[in-house]
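Number of protein chains: 2
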Amino acid sequence: MDDLYPSRREPTPSLLPRHDPVVHGRWAPGAPLSDEQTRFYDTNGYLVLENVFDPAEIALLQSGSMDLLANPAGLDRETIITERGSDEVRSIFAIHAQNELLGRLAADSRIAGVARFLLDDDVYIHQSRLNYKPGFDGKEFYWHSDFETWHVEDGMPRMRALSMSILLAENTANNGPLMVIPGSHRKYLTCVGETPENHYRSSLKKQEYGVPDREMLTALASDHGIVAPTGKAGTVVLFDCNTMHGSNGNITPFPRSNAFFVFNAKANSLVEPFGPKSRRPDFIADRAFTTVDIVKGPLVRRERAA
Amino acid sequence: MDDLYPSRREPTPSLLPRHDPVVHGRWAPGAPLSDEQTRFYDTNGYLVLENVFDPAEIALLQSGSMDLLANPAGLDRETIITERGSDEVRSIFAIHAQNELLGRLAADSRIAGVARFLLDDDVYIHQSRLNYKPGFDGKEFYWHSDFETWHVEDGMPRMRALSMSILLAENTANNGPLMVIPGSHRKYLTCVGETPENHYRSSLKKQEYGVPDREMLTALASDHGIVAPTGKAGTVVLFDCNTMHGSNGNITPFPRSNAFFVFNAKANSLVEPFGPKSRRPDFIADRAFTTVDIVKGPLVRRERAA
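Residue numbers (full-length UniProt numbering), protein chains in the order written: chain A, 1 to 306; chain B, 1 to 306.
For reference, chain A alone in the conformation it holds in the complex:
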């Protein structure tokens, strides 16, 4: 397959054209986003949805997620990522597959239905995780385009994927919220340097390859500005696979956590990585490509059979 988005090959970075639409579907009445929301997402590469879930649903998601963090036994150990230099859990991967409630959340029409509309195809979950940025010493996430990594390291052919973050705690300007560079998704910033094999083990803690160039970032941020979408628990933040984003650390006492789902179009299923020969494990880059069966209706607590 032709590599439309080569990266980590040249000694200098460059801004290449984007060959794919941002909004793959066509807006029509009845779409799960308004025309205005759709245009905003197209232009800016991100979108904030408020009041998607009702308070009981949010409380359910919060307690379910806290249970997972507090009792990681029963989870595949490989899917648990700790902070650099501590045992504190930073992320748990493959949450849609390991937890019934979070699997139901990923399939919810208010989430997956929006992804299906924007990507104009059946969708599957390329990656899911519960992110937890603890208070007092939550670490930063440096700037990156997810697509650059997914393309080079996982073999995602085209820009036809998006991320949805469901906030499980209030994100303020002060507790290390996601920052995006609006409009950065419309070009493809290549990175320099080759990717070592099995790089993913350390890159989940601290990115060292696929790191965007500082001069390029300065130009992007100067042209487009930086926005940190904030909101109450339950707020949903969507962003395009190629939107440049990152987050500062968090010294406030207030932890920040979210449930994070990456939806990819089925037609954009992974091929072999365009960079290193070895694949990353399935919990980071799914290769089952299982179509999400979209479910309507509220999230409710499921009682287990006695």
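Each statement offered as a hint is correct.
Below, simulated DSBU-like cross-link-like pairs (lysine-lysine); rule was C-alpha separation at most 35 Å, straight line: (1) B:187 - B:266; (2) A:187 - B:232; (3) A:232 - B:187; (4) A:232 - B:232; (5) A:232 - A:296; (6) B:296 - B:232; (7) A:187 - A:232; (8) A:296 - A:266.
According to the in silico footprint, chain A covers these stretches of chain B (three or more CB under 8 Å from chain A): (9) 169–179; (10) 218–226; (11) 241–252.
Some, not all, of what chain B presents toward chain A, calculated at C-beta under 10 Å: (12) 139; (13) 140; (14) 143; (15) 214.
Simulated from the structure, these hints should not be mistaken for lab results. The beta carbon of each residue, even a glycine, is placed where N, CA and C say it ideally should be.
Given the coordinates of chain A, work out where chain B should sit on it, guided by the hints.
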């Protein structure tokens, strides 16, 4: 001298009463702050002053400060503090004594006059510095009350001092601005643990003693909230010596810098440290106690004699 504010002595932290006023002077018409500003400072322990300097003065301060950072030769080497793990300059101390323009700034009636009013006494500069938080990898400053350190390590007897930060670059919510806990200045949070001798060398890079307790910080921040005053270059941020403050790191491309002056009331001049026996050096805790001669009028470029 009696120690009204004992700290780093007990195995558990506690919140002690504040024995000193916040606003030592009494407001009257003609004061350098409005009655409303004075009350705000009294209640919240910080205050933001905008449009204090005109654009030419701000440009002068910016170019003068950048010159200092770019050409540290000629400065006392001990006053130059670099980032942990790099040679990048984080702070330059004693700037009022080492640079004519910054000395003039410290004496400006719009700065020193406000300090004199709030502290109701002649003032001297306990400490001054140029702070520089570089873009991309600016490090965090953990929460602390300055007074706790100045009392224990420097022998500042009472709470009759304040800090003024003159922003030399725009502070946004995203580039690691100062964060304060409004109202935290009204109690004294003691810290646990003894202070090692010559602790200052490392503490200027990363604080390890005099660190407030996490549970106490959580209670303070939950009760009072966290505010991050932001503003354009030229904005002045004042805060009381006992206001709990800190800042997150900065991954944005936009550096953050400020000129920072600590004014102390002459009547509150340092005695021997209440903690360790050894004094910190004068560039960190001045013991000349030289009254600031307050100067009125604009900051102007001084041509050197040929």
